[in-house]
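Undergrad: This is what each chain is made of:
Protein chains: 2
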Amino acid sequence: MITMKITFKRNLVAVALLCALAFTTTVAHAADMLPSWNDGKAKQSVVDFVGKVTKEGSPYFVPPTERIAVFDNDGTLWAEQPLYFQFLFAIDRVKAMAPQHPEWKDKEPFASLLKGDVKGALAQGEKAVIEILAATHAGMTTDEFDKIVKDWLATAKHPNTGRPYTEMAYQPMVELLAYLRANDFKTFIVSGGGVEFMRAFAEKVYGIPPEQVIGSTGKQQFELRDGKPVLVKLAAVDFIDDKEGKPIAIQRFIGRRPIAAFGNSDGDLQMLQWTDAGTDAHFCLYVHHTDAEREWAYDRQSSIGRLDKGIDEAQARGWTVVSMKNDWKTIFTPEKK
Amino acid sequence: MITMKITFKRNLVAVALLCALAFTTTVAHAADMLPSWNDGKAKQSVVDFVGKVTKEGSPYFVPPTERIAVFDNDGTLWAEQPLYFQFLFAIDRVKAMAPQHPEWKDKEPFASLLKGDVKGALAQGEKAVIEILAATHAGMTTDEFDKIVKDWLATAKHPNTGRPYTEMAYQPMVELLAYLRANDFKTFIVSGGGVEFMRAFAEKVYGIPPEQVIGSTGKQQFELRDGKPVLVKLAAVDFIDDKEGKPIAIQRFIGRRPIAAFGNSDGDLQMLQWTDAGTDAHFCLYVHHTDAEREWAYDRQSSIGRLDKGIDEAQARGWTVVSMKNDWKTIFTPEKK
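Sequences listed follow chains A and B, in order.
Position 201 (the first sequence) corresponds to 201 in the working numbering; numbering is contiguous.
So the mapping is simple: the working numbering equals the position in the second sequence, first residue as 1, plus 1000.
Same shape as in the complex, but just chain A (with noise of 0.2 Å):
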């Protein structure tokens, strides 16, 4: 834009003294921006994608427009043991709830909650988890849902580590996101928890906004309040992103093939497979969670995050699959004082 503006000869050479030396500090800032991952394989291979896409020229430069990275976000851009966070928000919004609701003392799956057994509450299967849910998702407005997440954000500890759940995000993701949109990528999250959830802290933590946050939705009504409309959340699910959902929900909210996506589990399989298929120029990542000490090690087994078909896949592939424990020199965002 201001280049075309430019009228003067003094001020295009200054235009290309700005350029040359914008262009240099990219190129040697470039492995900088990835300071909490060690040298090796993986932070190789995203440096190299992210190169070959960006050089005009190159067959496999890609225009920005075009620049569509996809992330899942639990286990992949922050944490999600013991418990997917949204339910360990579940649990702590019942327990506020619960004054408002004296029936839930009688009344499963509440009644196990209310009594510190998580385990006995979600014994009781799918149904169990939609209800409490429906209870504490459903029935409010879009303004007041956000409000009590942000709330809940603020003043949560997560139960092992006592952090704040902000800061149960990985730092080597977010750098990463930082680098891909230093280099023109538009960074999306397309996860299966739920959006309203996600978009209370996906622009803070890690700098997209809430119209590039895909998620589960939950159906919704229009109303007219005293003549003021409002968005009610109905205790009905909308739609999950998961599984052949994420490619489903990235055609229908982007429209485009991503040329880079990233997951953690065999959630995510169908959406690294989407991208693949794309042109040449595409990349896919596994975090793999390695490391018990700093974080959890967890893949085939495990009923939160699996990794098992997509490991696989991985290998036979030739994904970049992320050893936590090897490849990343620290794992969470800083403490915030």
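Read the hints as simulated data drawn from the structure, not as lab findings.
Note that the Cβ used here is the ideal one computed from N, Cα and C, for glycine as well.
Please note: incorrect hints may appear among the correct ones.
[Claimed, not checked] Reference listing, derived: stretches of chain B covered by chain A, where coverage requires no fewer than 3 residues with Cβ under 8 Å from a Cβ of chain A:
| no. | stretch |
| --- | --- |
| 1 | 1078-1090 |
| 2 | 1153-1159 |
| 3 | 1166-1179 |
| 4 | 1205-1211 |
| 5 | 1244-1257 |
Dock chain B against the given chain A, drawing on the hints supplied.
TA: Positioned in the frame of chain A, the structure of chain B alone reads:
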């Protein structure tokens, strides 16, 4: 980004010079970015709104990330008479596909269409419309459909004007989109049209990328064909992006309340109400089809693009109403030679 990397005083001076120059030209050019608008209340209301939300320190200032503008498509960004263009596409497709469907000769609503009796086909009601859309919009992959639409747009001509459909976009609205983007707005389509139909031309005609096009959707299925993933369009409606559906879609896709909304019919009313209920810094506009000579004149009685309740509410709430006849110097985008 660039300024942060500058270390030489000389370049700092150059940047300051450039910024000053850019600022001067931006302000000077603001009005000139809308050359197809006649001077008057409508144009002035747009310029005033953009001025107040972009002026730092103003009580109405809105940060760039929150400058979301939503546009209906049919009747707002391009014409919609004598029938929605997507329906004219479907009719052309029925004719093109007829040799593969000999049974259509005796089967309604196809038989009427093939005899050129569109009115007769439509008289059979909603079921007929859905059958025509299902036959022409489903049973193929998303990539195949995209190609079919693009091929059609490249050759088909509007029955009244003889123009390609993409040249029946409204020049004043194309200028308005560019003007808003030059002021750091993010422009979205939120329309009842099929999302994949609109994406086939929205970037080229309006400068709106696929991920900022929201529309009605059909269900899709993820399949592996010879190991290669495809998305197949199914003959089932997923979501109708009209009336109450528009604010719901805005919440689902964008997750932020727009500060500017543009429509032309009662189908856009809830989207404008939703925008109107935001902070003081918002703008709602209806395009009123008043130009029987250069376009079409219709409102309260029209079966397509009816504007009845909407125009009453616009008057009551002080929304801008554009008279195409009086406010627009030209209607359509220039013909390409």
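Undergrad: Please list, smallest to largest, the hint numbers that this structure does not respect.
TA: Per hint list: 1, 2 and 3 violated.
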